[in-house]
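Trainee: First to last, the protein sequences are chains A and B.
If you're matching positions, the first sequence starts at 1 in the numbering used here and goes up one per residue.
If you're matching positions, the second sequence starts at 1001 in the numbering used here and goes up one per residue.
Mixed in with the good hints, there may be bad ones.
[Claimed, not checked] From the derived model, a few chain B residues whose C-beta atoms are all more than 10 Å from chain A:
id	residue
1	A1112
2	D1242
3	K1289
4	R1316
[Unchecked claim] Reference excerpt, derived from the structure (chain B facing chain A, CB under 7 Å, subset only):
id	residue
5	A1062
6	S1185
7	F1202
8	G1229
9	V1271
10	T1272
11	R1274
12	G1279
[To be verified] Computed beta-carbon distance windows for the label pairs:
id	chain 1	residue 1	chain 2	residue 2	range
13	A	P262	B	G1314	41 to 49 Å
14	A	G303	B	A1260	15 to 23 Å
15	A	F311	B	A1260	43 to 51 Å
16	A	R18	B	E1294	54 to 62 Å
17	B	R1214	A	N219	51 to 59 Å
18	A	A68	B	A1101	36 to 44 Å
19	B	G1324	A	N219	37 to 45 Å
20	B	K1074	A	N219	30 to 38 Å
21	B	P1069	A	S17	36 to 44 Å
22	B	P1069	A	R147	51 to 59 Å
23	A	I72	B	D1242	54 to 62 Å
Keep in mind that the hints were calculated from the coordinates and are not lab data.
Quick reminder that beta carbons are idealized off the backbone N, C-alpha and C, glycines included.
Take a look at the letters that make up each chain.
2 protein chains.
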Amino acid sequence: MTDSSVPATALEVRLASRPAGWPTTDNFEIAEAPVPEPGPGQILVRNKAMSVDPYMRGRMSAAKSYVAPFEIGKPLDGGAVGEVVSSNSDDFSTGQQVLHALGWREYAAVDASQATTVADDLPSSAFLGVLGMPGMTAYVGLMDKARFQQGDTVFVSGAAGAVGSLVGQLAKLNGAERVIGSAGSAEKVRLLTERFGFDAAFNYKDAPVGEQLREAAPNGIDVYFDNVGGDHLEAAIGTMNDFGRIAACGAISQYNATEAQPGPRNMFQFVTKRLSMQGFIVNDNGHLKREFFEHVAPLVREGRLIHEETFVDGLRNAPEAFLGVLRGDNTGKMIVNV
Amino acid sequence: MTDSSVPATALEVRLASRPAGWPTTDNFEIAEAPVPEPGPGQILVRNKAMSVDPYMRGRMSAAKSYVAPFEIGKPLDGGAVGEVVSSNSDDFSTGQQVLHALGWREYAAVDASQATTVADDLPSSAFLGVLGMPGMTAYVGLMDKARFQQGDTVFVSGAAGAVGSLVGQLAKLNGAERVIGSAGSAEKVRLLTERFGFDAAFNYKDAPVGEQLREAAPNGIDVYFDNVGGDHLEAAIGTMNDFGRIAACGAISQYNATEAQPGPRNMFQFVTKRLSMQGFIVNDNGHLKREFFEHVAPLVREGRLIHEETFVDGLRNAPEAFLGVLRGDNTGKMIVNV
């Protein structure tokens, strides 16, 4: 049964060309395409909200990485929430809200196995943020990869972003001694301490990261959640206490660099201080999904976990919204209302 | 009861001054000092063999680290094996062979709690090498920190040294797919493949480490045991397979550097390849001592683990022997016959 209001054609955003360095809107093409017919076992979803995330920059390059690159001339993809408007699957019926991976388009034909219904007592955008990939990333990185323990002092870089703001709050809610964040504007730094409850925060553009971190963490740090790489990573290694742990989640400082950036010059401290570092990608950690949801959903329902969202309206503005994430324009999760 | 042949005075090696950069024999003083009287609960040991190790370079500097610095004007210390010549402890009697931590002197008054008797069916030097700290370091780093698994391809830097040569052999004996080592001379490279059973080896002075490693490991590496740091670490990160693991044991390339060396420029691969790195110091791992001994002692008794030793005779030559270790003159474990 198909919703009679489904049009014949709809918009999608395609990769027009691969960027060298910083991408621009010229790397994207907004195209009108036939709305797909859902095949056997598929559902047709009218997207309401979609996610734009820093990791998508990597997929714009041709290099093989942990997610397949976007293809030139094809629509991009990524997390989205929408309404089922037609179903060839016994598991879904029209009108249901589903989370799936075919964003960057107004209508998507999705394999039923790739869609999940989302609870309707929570805003659908939450499933792209605090209860979606960014929330899961924060939880897995802090709890599993950095093996957070009560009493730890935690440093988070890119702390005003979708992931970082949740890492800091989860640490505080679980008994961190002190939580420190870095961000790239005075406004974000203010938000970190006043709204997200960080104990200290600094603007990494104001002075060398190492200096500011040592001042903010006079007793050193036990956990570093790395979203930035580069000088932040070197500063964190230098400030770590013995047996400190690093969760390596991203390196936004490197994504648009056209040549290799200097690496941390203090790697020998891994030995002297017995540090550990674990790189991770959230998709590998499906076995923690239930634990994550059971831990975080109640905090969201009770209003104890603040999740900022920055909304941009209209699929046509999705490329600009994505570029904004790379520049750091957003606070919390950037969502495009399709 | 004291052995009547104990002299009134004996030699010890003291720290004369702290080096800046490479140490020289001028940083050491050979002194004649009264042989100590063992106090209550102590034993007097006539040292027969002592260990000189790269980590001692760190202790020559004043900087606080994981082991206390040597003190100027005082004798150095370190692993040694000797014969009990006088005992004020019920646990030891004269004539026993013991392992203890007061090397760099001919006679040592050792607390009974700090001495261990060693099996007399194995050469006493083995307890400074394959069954001592270097062996334990190799075992702990490979098995526990790098979580070695059958079928792994393993790369070891500084592979002809006391620790490295054991890492490679333990990996092979436990089912490594391929073991690759780097060393600093053609002679050592030859030893690695011909004597220690490495599958491939290269001289890091011949060409960039990254190039040589990629050639030696066409299918990438799963484990890197790092004794060297610097360009070796960057090359290993670049060659790692997904979910690769690094045990950070040392960074001999950095010990005598007077300024910070460039760091690995490819740290972002920790995320994309989900790498992990664990720094460690063997002394933290006493809980693995029994497991280590049960695993390694039979291999030594059966002659299945080749442990090279380079012997230098005479305590007066200990400083030069130590400098030789830093330069890489030794193959396998460097032992000073006191």
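Trainee: Now tell me, hint by hint, if it's right for this structure.
Mentor: Comparing the hints with the structure gives:
1. A1112: Holds: least Cβ distance 29 Å, greater than 10 Å.
2. D1242: violated, 8 Å
3. K1289: holds, 17 Å
4. R1316: Label holds. Min Cβ-Cβ 31 Å, cutoff 10 Å.
5. A1062: violated, 14 Å
6. S1185: violated, 24 Å
7. F1202: violated, 22 Å
8. G1229: holds, 6 Å
9. V1271: Holds: closest Cβ of chain A sits about 4 Å from V1271/B, inside 7 Å.
10. T1272: Holds, about 5 Å.
11. R1274: holds, 5 Å
12. G1279: holds, 3 Å
13. P262/A x G1314/B: 41 to 49 Å: The hint (41 to 49 Å, Cβ to Cβ) holds, given that P262/A and G1314/B are roughly 46 Å apart.
14. G303/A x A1260/B: 15 to 23 Å: violated, 47 Å
15. F311/A x A1260/B: 43 to 51 Å: holds, 45 Å
16. R18/A x E1294/B: 54 to 62 Å: holds, 56 Å
17. R1214/B x N219/A: 51 to 59 Å: violated, 43 Å
18. A68/A x A1101/B: 36 to 44 Å: 55 Å Cβ-Cβ, so the 36 to 44 Å window is violated.
19. G1324/B x N219/A: 37 to 45 Å: This hint holds: roughly 41 Å between Cβ atoms.
20. K1074/B x N219/A: 30 to 38 Å: holds, 32 Å
21. P1069/B x S17/A: 36 to 44 Å: violated, 58 Å
22. P1069/B x R147/A: 51 to 59 Å: violated, 31 Å
23. I72/A x D1242/B: 54 to 62 Å: violated, 26 Å
When the structure is compared with the earlier hints, violations turn up for hints 2, 5, 6, 7, 14, 17, 18, 21, 22, 23 and for no others.
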